[in-house]
Every structure is written in C-alpha cells, then in structure tokens.
Amino acid sequence: MPGPTTPIHDPFATPGALTPTGAEPMVRLEKLEKFFGSNHVLRGCTLEVYPRETICLIGRSGSGKSTLLRCTNFLEEPTVGSVEVDGLRIEADPLHARDKDHREKIRQIRQRAQMVFQEFNLFPHMKVIDNLIEGPVQVKRVSKDEAIATAEKYLHKVGLMDKRDEYPARLSGGQKQRVAIARALTMEPKVLLFDEPTSALDPTLVGEVIMVMEELAHEGSTMIVVTHEMQFAREAADRVYFIEEGTFVEAGAPEEVLDHPQDERTRRFLSRLLSSGAAVQR
Amino acid sequence: MSLSGPQQVAINENLRISEPELIVAEIRAARAQESRRFRLVFGLTWGILIGLLVGSLFAAGKIDVAFLAEWGPYILGGIPITIVVSIFSIAAAIVFAVLGALGRLSIRAPIYAVATLYVSLVRGTPLIVQILFIFLALPQIIPATAGIPVIILAIFALAFNYGAYMTEIFRAGIQAVPRGQIEASGALGMTDSQTMRRVILPQAIRIVIPAIGNEFIAMIKDSALVSLMTVQELLWRAQRVGQSNFRSLETLLLAALVYWSLTIVFSIVQDRLEKRMAESDRRI
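Residue numbers (this note's numbering), protein chains in the order written: chain R, 1 to 282; chain D, 1001 to 1284.
Derived by calculation from the structure, the hints in this document are not laboratory data.
Check each hint, because a few of them may be wrong.
[To be verified] Cross-link-like lysine to any residue pairs, in silico, SDA-like; alpha carbons within 25 Å at most:
no.: 1; chain 1: R; residue 1: LYS127; chain 2: R; residue 2: VAL137
no.: 2; chain 1: D; residue 1: LYS1221; chain 2: D; residue 2: ALA1211
no.: 3; chain 1: R; residue 1: LYS127; chain 2: D; residue 2: LYS1221
no.: 4; chain 1: R; residue 1: LYS190; chain 2: R; residue 2: ILE106
no.: 5; chain 1: R; residue 1: LYS127; chain 2: D; residue 2: ILE1205
no.: 6; chain 1: R; residue 1: LYS144; chain 2: D; residue 2: ALA1211
no.: 7; chain 1: R; residue 1: LYS190; chain 2: R; residue 2: LEU270
no.: 8; chain 1: R; residue 1: LYS105; chain 2: D; residue 2: ILE1205
no.: 9; chain 1: R; residue 1: LYS100; chain 2: D; residue 2: LEU1099
no.: 10; chain 1: R; residue 1: LYS144; chain 2: D; residue 2: ILE1111
no.: 11; chain 1: R; residue 1: LYS144; chain 2: D; residue 2: LYS1221
no.: 12; chain 1: D; residue 1: LYS1221; chain 2: D; residue 2: ARG1028
no.: 13; chain 1: R; residue 1: LYS144; chain 2: D; residue 2: ILE1081
no.: 14; chain 1: R; residue 1: LYS190; chain 2: R; residue 2: THR204
[Unchecked claim] Residues from chain R that keep clear of chain D, each with C-beta distances beyond 10 Å, as calculated:
no.: 15; residue: ARG52
no.: 16; residue: ILE90
no.: 17; residue: ASP93
no.: 18; residue: ARG98
no.: 19; residue: GLN108
no.: 20; residue: GLU119
no.: 21; residue: PRO124
no.: 22; residue: HIS125
no.: 23; residue: GLU134
no.: 24; residue: LYS144
no.: 25; residue: MET161
no.: 26; residue: LYS190
no.: 27; residue: ASP202
no.: 28; residue: GLU245
no.: 29; residue: ALA253
Note that the Cβ used here is the ideal one computed from N, Cα and C, for glycine as well.
Bound conformation, chain D alone (with noise of 0.2 Å):
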C-alpha cells in the first residue's frame, strides 16, 4: 500500500489519522500479508510432499484401493478404542504418578524406597516387557489376573509404565511451588497434609499440565503395543486384517496416517489449552 505524498495528506485530513499512524497501519498489512503467504506456502508443501509420497505409491499400482475400501472402516473402527485407552490410561498414570511423586518426596524411609522401586523398576525395563508380562506372566502368578478384561490389563500396563515417568514430571512441579506457599499454609495451623491437598497440589497440577500433554501424545503412539495384548485398537485391526490378506502395505499405511493425525489433532487441542491457561494465569 503505497501512496503518494499529496493524497497521503488528503487522507490524514479526511480520516485524522496522524502519519505515524498510518505507517504503523502500514507495517501491520504488510506483516499480516506476509503471514499469510508464509502459511499458504507451508501448507502447499506439506500437501505436495505427502502426495507425492501417497499419490507414488498409488501410481505404481501397490495399492489396493478396492481392498481398503473394504477393509478400511474396520479399521478406522479401531480408533475410537485407542483414543479411550489412551485417556483412561493417562488419568490412571496420574494418580500413580501424584502417588509416586509424593513418595520419593516422602521422609519416610519404607515410602520413599517404595517410590523409588517402582520408578527404577519402570523405567529399567521395555515397555513391551512390561506388557508381555501383566499379559501373559501374571496369570501365572495370580490365575484370577487371567479373567479381566484384556482392555483393563492393558490401561493398567500403560499408565503403570507412564506413571513412572511422569512421577519425576510431578516430583519437579510440586518443588516449584514456592517455599512462601508452604509457609503460609502451615502459618494458619493446617497440617502438612492438608498443606499438601489444599495448597500445594492444586499448583503443581497447574504447572505439569503442558508436560502432561506431551505425554498424552506420547501415549497414543505407544497405546498401539497393547495390540500384543488383542486389545482390538486401531494397530491390531490392521496387523490382523493385513497379515490374513498379504496386505500389509495398505493397513500398515492406513494405520500410520491414523496415527498421525491424531497427534497432530491433539497437539492442536493441547496448544489451545495451553493458551487458554495462560489467559486465565494472567486472569488468576
């Protein structure tokens, strides 16, 4: 938007906008045009590369569509089972992990050993291992295990490996809870517990929660190893539909886009979280 000198002066006196005004207006267009053109151009890669990718394969006649056509709505079936193995797991590993958290913080010598166990036994072995195990050895040990529902086993294998992890996310958030909060609280006489429920843990939750989403994403990807466990989600569809008809290729391929785009949708669903919070923290 370039204007020449004598109806640059016409429009300040018509609209009295002042010409620092008017530069700044100028600038904000300018800045606004070029974002624009930045996202088109983005966008416009993205697609060609991926068609490119997809579009190579469907040229090369490796892709069955008439067989996806069939098979796929069973598949994509799957999904909504990940998904609510993904959100009951992740509420599940919280409480392990505020549980964990509050041990290794513990004074307590038999508690903090307690915590301390399960984060090193955890995160020193696979998660796969841990799957196998709650899977196929526990009903060794405890043949009652053999009669619960596989989805339960499987929630209960993911948030008790995710717990693990997210005890430390834990651990640190409740450290970042200023000393003067404690202080304040046990000023007024309430105890350390109520300290702890009242005080402290409303914070900390407030400050893992971006961590937490992270991890939520993370264990949507990981959620596809309970297909070990013929937890019917979306990898297990598509291992079993693939393998019986030799193709692979496409339910794998299905399977993967899948994935995809569900961390990319929650991502988004995270970052306007996380930006709504930090609204309401300037609000709080």
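Isolated chain R, as found in the complex (with noise of 0.2 Å):
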C-alpha cells in the first residue's frame, strides 16, 4: 500500500522552546488508525514531535493514548497509517506484519524510540547493570565494556548507582522504574516512550519517578508520555495533547489546554481527574 508523498501535517504542532531552528519533526505519526478486531480504537491520528520537546498525551482509560504510543513503536500493528522516527519511514501494514523485512525495520524503530512501561518490566533474572547492558551489547552489538559505561553514566543519572549489583525483586516500585528509564537511555534512543509510568506506583513514589522525567525534559530529551500526573504536564510538556475516542479533540501549550479547555469533552475529563484526586499535587 503505497503511502501519501507528501505528508500529512499535524495542526497543533509547532516547534518546542528548545527546538533547534528549521528542526524537522523527530516523530511523525500520520492518520494512524487501529482496530481490535470491529473494535476501532484509533480513528487517524497525527502527531509531529519535534526534536527536544516534550508532549504529553491525556484521556480517560480507553481513550486510545496507550495504543497510540504503543502504535508508536509497533508493540501494536496500525491498521493504517505510518510511523516516521529520526527519518526512517514505515507503512502500516498488518497483513505483511510478520515478513522479515517489516520485521527489521521496526526493530530498526524501536531502537530509536526506547519505551518505558506502566509495570516496569524489568528482567528479573538480571542484576541491575545486566538489563542495562542486554539492549546494547544484543542489539547495538556494543562491547561490553563501552555498554558498562554507558549504563554506568545512566544509572548515577537516575540516582542508583549503588543498586548497580542488585536484582529488580529487591527494588522499589519507584526504583525499578527509575532503573527501566536507565534501561532505555543506555539504548541511547532518539525518543523516549512513556506508557502510564507512574500509574502502578505507591504514591510516595511517584515523585522520584517524576524527577527524573522532569530531568530529561528539561536537559532536552524528546518524549512522548502517555500520563495522568497534571503537575508534570504543567512542569515539563511543550505541548498536551487531549484524545477521546481514538481521536485528538484539542491539543495546544499545557496552560491552554490544561487551564482553559476548549472543548466540553476536555473540560469534563479534566474536572473529573481533579474531583477523583488523581491530579493531586506531589
């Protein structure tokens, strides 16, 4: 399936502050579409992330973010559309999904754009300095020593050095999911995925987690997070984007989106998060 030559621009983006000038897009996600069998989650996203910028992506559970971010790195097969990461280009196309060639292309993806999940999933039967050296030393094929000190120098910028010989069982939440953020900037990734990564935390251990990510944003990191923590979308997103039904209803600066909703849909679910304590400030 051959797709459009020129691509489909996304509306509400516009270069982040720290956006170097005539920057081209990072990411680019056009008219992404997924079905779950007669299930339509996604109904023609897109999305242009710039480099160095942070966007967040809010909705109500099944409004379709998760998938979407997880289109991104093709965990999950779009139905239609493409994905673009750092200029390589690829079409959906679910019913070649398994060929070797789509298949090599969308790990040469998922090396660029390293996801960090909701339950961490760190290998268990790792130590510490093992899950942050597998992706680099099996993938990258980096020698293991130069994979060390990468993980090293990533480890002591998430704060764990000293849990570098541990095994993940004997973490927090909040430290194995700083230890899976380590994990995915070892990989050294053009985009960092965030699905939800505070969401299976004690709240005491949100704040850690969050620091980190505030960290990354500020430093420049482009990130794309799928979050329900207001506080740091306010703190750290370039742009916030609203998605319901598998569609994004309104999208723009946090303040605007966050504090003067345009749209009744944004307006109710951003009320309901405050109402439900989901929104508390750390």
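With the hints as a guide, dock the two chains, each given alone in a separate frame, to form the complex.
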C-alpha cells in the first residue's frame, strides 16, 4: 500500500522551546488507525514531535492514548497509517506484519524509540547492570565494556549507582522504574516513550520518578508521555494532546489545554480528574 | 513450662522479659516439643512396619542370608549405572523437551506438525514398546545401530520418551513468563530468537525446575525398563542373579528396597533444592 508522498501535517505541532530552528519533526505519526477486531480504537491520529520536545498524551482510560504510543514502536501494528522516527518511515502493513524486512524495519524504529512501561518489565533474572547492557550488547552489538560505561553513566543519572549489582526484586517500585528509564537511556534513543510510568507506583514513590522525567525533559530529551500526572504535564510538556475515542480533540500548550480547555469533553475529563484526586499535587 | 505467679514476676524483673514475650516463648517451646514427638512416633512407626515386613520373611526362613551376602554387592553395583542412566536421560530429555515446546509454540506449520507428531506418537505408545523397538527393531532398519553401546540406546530411548512428556511442562513454563517480558525485550529491539534465548527460556527453566525434579524421580524407577536392553543396571543384575539361582525373592526384594531408597534420597535433595530456590527467588 503506497503512502502519500507529501506528509500530512499535525495542525497542533509547533516546534518546542528547545527545538533548534529549522529542525524537522523527530517523530511523525500520520493518520494512524487501529482496530482491535471490530473495535475502532484509533481513528486517524496525526502527531508531529520535534527534537527536544516533551509531549503529553492525556485522556480517559480506553481513549486510545496507550495504543497510540504502542503503535509508535509497533508493539501494536497500526491498521492504517505511517510512523516515522528520525527519518525512518514505516507504513502500517498488518497483512505482512510478520515479513522479515518489515520486522527488521520495526527493530530499527524500536532502537530509536525506547519505551518505559507502566509495569517496569525489568528482567528479573538479571542484575540491574545486566538489565541495562542487554539491549546495547545484544541489539546494537556494542562491546560489553563500552555498554557498561554507558550504563553506569545513566545509572548515576537516575541516582541508583549503589543498586548496580542488585536484582530487580530487591528494589522498590520507584527504583525499578528509574532503572527501567536508565535501561531505555542506555540504548541512547532518539525519543523516549513513557506509557503511564507512574500508574503502578505507590503514591509516595511517584515523585522520584517524575523528578527524573522532568530532568530529562528540561535537558532536551525528546519524549512522548502518556500520563495522568497533570502536574508533570504542566511542568515539563511543550504540548498536551487530549485524546478521546481515538481522535485528538484538543491540543496546545499545557496552560491552554489544562487551564482553558475549549472543548466540552476536555473540560469534563479535567474536572473529573480533579475531583477524583488523581491530579493531586506532589 | 508452668510457672507460678510470684516466680514469673521475679523472672520478668531479672531478665526484663515482658509477660507477653514469656507466653510467646512458652508457646514456641511447646510447639517444638510437639513436633519432636510427632517425628519420633512417625519414625518409629515406619521402622516397626518395615521391620515386621522384612523381619517376618527372615523369621519364616524365606530369605537366604548367605546368598544375599554373596551376591548383594554385585547387585548393588548396578546402582551407579542406574543413576548415571537416569541423569544422562533426564539431561537429554530436557533438550528434547525444549525443542518440542518450541515446536509446539511455533507458528510455522511444518515445525508445529513435527512437534505434535512427536508428542502424540510417544505418548500414545507404551514406553516398553519404544524400548524394545529401539533395541530390537531399529537395527533391522539401520544396521549400523547394532554397533551402538546399549547404554547409549537406553539413554536415547528414555530421553525420547520423557522429552515428549516434558514438552508439555516446558510449553506451560514458557507460556507462564509474563507478556511484559516479551514486550520489554521486543521494545529494546531484540529479535524473536534473542528474546526466547535471553529472556523467556531462562525464566521458563526456573519455573519448571520443580517439575523436572518429579520427572527425574520417576525416571529412576522407569530406568529399570532398560534392563530389557541388557544394560547391567540394578534390576538387570537382580534378575540375572535371582533367576539363575532360583532366589528371585531375595534379589527382587533388594532391588525394590534400593529403588525405594533412591527415590526417598532424591526427594529430599529435590526438597532442599526447591527451598534454596525459593530463597534465591526472594533475593531475585
């Protein structure tokens, strides 16, 4: 299925404060649609993320925000549309999803777009340091010494150098997630994908993870973050996208979307979030 | 340990033990004593029952002690062979089982077909038929196999059979690894085979180790069947000595007691191993 030659642009996209002038988008999702069986989860999402930007995707559970993120690194194969990361473009091709060259392209995309999961998904049979070097050594074929040096740099960054030789089970939830972030960073990706990174955490441990993420955002990492942490969105996001029933309803600077929502659905979502206490300030 | 009121107070003051702590200590002592008594009675009952069983045979003059003294060492010499055959067979069976499980989980029709055929064929025929087939019928098809030492054929036969049963164990173990693990290694950019080798199998093996222990204990007993292939293990020696001297009672009784002891010993080893693994799981 040949894709359109001229890209479809994200009407909301404006380069972020840290984006170098004239930079092309780092991530470009075009007209993504996803069906689970007959369930139409994504209904044509177009999103452009510029280098050094942080984008927050918000919305109710089941709105499609996690699916959109998981389509970006092809953990879910989109039904229609295309994904481009750092100039590498893949057309959705669900009929040939298992083809060798398609899989190879997906692996290239995944190296560029590293994901941090809600449930951490650290490898329980490997020490922290081995969790970190697994990707670089096995996937990028980096030498073990070099991988260890990189891993230690990022372990230091997330403040867990003292847990280098522990097994994940010995860590708290917050520490596990910080290790998972370090594991993603050790791959030196072009963009980081966060899938509700604090939703599985004890409320007292959310802060330490958010702190690391804010630091990354302020340093100019390119990040797409699915989250319910409105405080983080306010602090760190260049743009917030509100997604409802698989389409972007509203997007813009965090103060616009979060404080002056134009759409009724955004307003209802935000007021429900506030009253449920999920947006409690840290 | 019952203390009267005044004494108890005195102890409390001297050792600074509070009354609840004292009660807890008393309960613990009582429980320990109960469990000691239970184990003692348990052991005695076993001893008496076994003593009666074997003793009555001796008392009735059915057991030729001199014969056993003469041939016992030869029969017991089969123990190392039984153990070696069992260990090599279970190790080879694990290889068959991993391959079988990967085949059963394959999306490629021919691979899936081969794996299911293997499991179906082996599970659908008696082990004794498989053993006799490999020993007696295989050389008719491939004459070269006649030259292979019987112990190798025996290990192959047992491993081939157990591998089919253990295929299901490994399949379940692989499927018990959480989906998030596969997603995480995929998201790093690992290939499917890297994910299987580096992430899924190491965790699946941990999951199936207790089940492998059970299979090993069963294997010790089933290894007796390779006496049909003239492997000179425990049962083969017992049979040979017993039949040629018309003293099968003594030799089979000895063989049975040895198998029984071996299974008990390896059950204890397995128990210890599982406990150690449970501890290291707490660490991991």
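These are the hints, each one checked on the structure:
For the hint linking LYS127/R to VAL137/R, the alpha-carbon distance of about 15 Å falls within 25 Å, and the restraint holds. Straight-line distance between C-alpha atoms of LYS1221/D and ALA1211/D comes to about 16 Å, which keeps the hinted pair within the 25 Å bound. Taken as a hint, the LYS127/R and LYS1221/D pair is broken in the structure, with Cα atoms around 39 Å apart against an allowance of 25 Å. Between LYS190/R and ILE106/R the CA atoms are separated by roughly 15 Å; this keeps the pair inside 25 Å, and the hint holds.
A hinted pair counts as satisfied when its Cα atoms are at most 25 Å apart, and LYS127/R with ILE1205/D qualifies at roughly 18 Å. Under the criterion of a C-alpha separation no larger than 25 Å, the hint pairing LYS144/R with ALA1211/D is inconsistent with the structure, at around 35 Å. With a C-alpha separation of about 31 Å, the suggested pairing of LYS190/R with LEU270/R is violated against the 25 Å cut-off. A threshold of 25 Å between alpha carbons decides the hint, and for LYS105/R with ILE1205/D the separation of about 31 Å lies outside it, so the pair is violated.
Our distance criterion of 25 Å between C-alpha atoms is met by LYS100/R and LEU1099/D, whose separation comes to about 23 Å. Distance restraint check for LYS144/R and ILE1111/D: the Cα-Cα separation of roughly 35 Å exceeds the 25 Å cut-off, and the hinted pair is therefore not satisfied. As the CA atoms of LYS144/R and LYS1221/D are separated by approximately 46 Å, the hinted pair breaks the 25 Å bound. Proposed proximity of LYS1221/D and ARG1028/D is contradicted: the alpha carbons are some 41 Å apart, above 25 Å.
Between LYS144/R and ILE1081/D the CA atoms are separated by roughly 44 Å; this puts the pair beyond 25 Å, and the hint is violated. A threshold of 25 Å between alpha carbons decides the hint, and for LYS190/R with THR204/R the separation of about 30 Å lies outside it, so the pair is violated. Under the 10 Å C-beta cut-off, the non-interface status given to ARG52/R relative to chain D holds; the minimum distance is some 22 Å. Every C-beta of chain D lies more than 10 Å from that of ILE90/R, the closest at about 14 Å, which supports listing it as non-interface.
Non-interface call for ASP93/R relative to chain D: holds, since the shortest CB-CB distance, roughly 17 Å, exceeds 10 Å. Its closest Cβ contact with chain D, about 8 Å, brings ARG98/R to no more than 10 Å, contrary to its assignment away from the interface. A beta-carbon of chain D is positioned within 10 Å of the beta-carbon of GLN108/R; the least distance is around 8 Å. Its beta-carbon lying about 5 Å from the closest one in chain D, GLU119/R breaks the requirement of being farther than 10 Å from that chain.
Listed as a non-interface residue, PRO124/R fails to keep its Cβ farther than 10 Å from every Cβ of chain D; the least gap is roughly 6 Å. Not every Cβ of chain D is farther than 10 Å from the Cβ of HIS125/R; the closest lies at roughly 5 Å, contradicting the non-interface assignment. Non-interface call for GLU134/R relative to chain D: violated, since the shortest CB-CB distance, roughly 7 Å, does not exceed 10 Å. The Cβ of LYS144/R lies farther than 10 Å from every Cβ of chain D, with a closest approach of about 14 Å, so its non-interface assignment holds.
With 10 Å as the threshold on Cβ separation, the claim that MET161/R sits away from chain D holds: the shortest Cβ distance comes to roughly 20 Å. For LYS190/R, the condition that its CB be more than 10 Å from all CB atoms of chain D holds, with the nearest at approximately 13 Å. At the 10 Å boundary, the C-beta of ASP202/R stays outside the reach of chain D, the nearest C-beta of that chain being 19 Å off. With a closest Cβ-Cβ approach of about 25 Å to chain D, GLU245/R is found to remain outside the 10 Å limit, as its non-interface label requires.
Against chain D, the non-interface label of ALA253/R holds: every CB pair exceeds 10 Å, the least being about 30 Å.
Going through the hint list in order, the structure does not satisfy hints 3, 6, 7, 8, 10, 11, 12, 13, 14, 18, 19, 20, 21, 22, 23.
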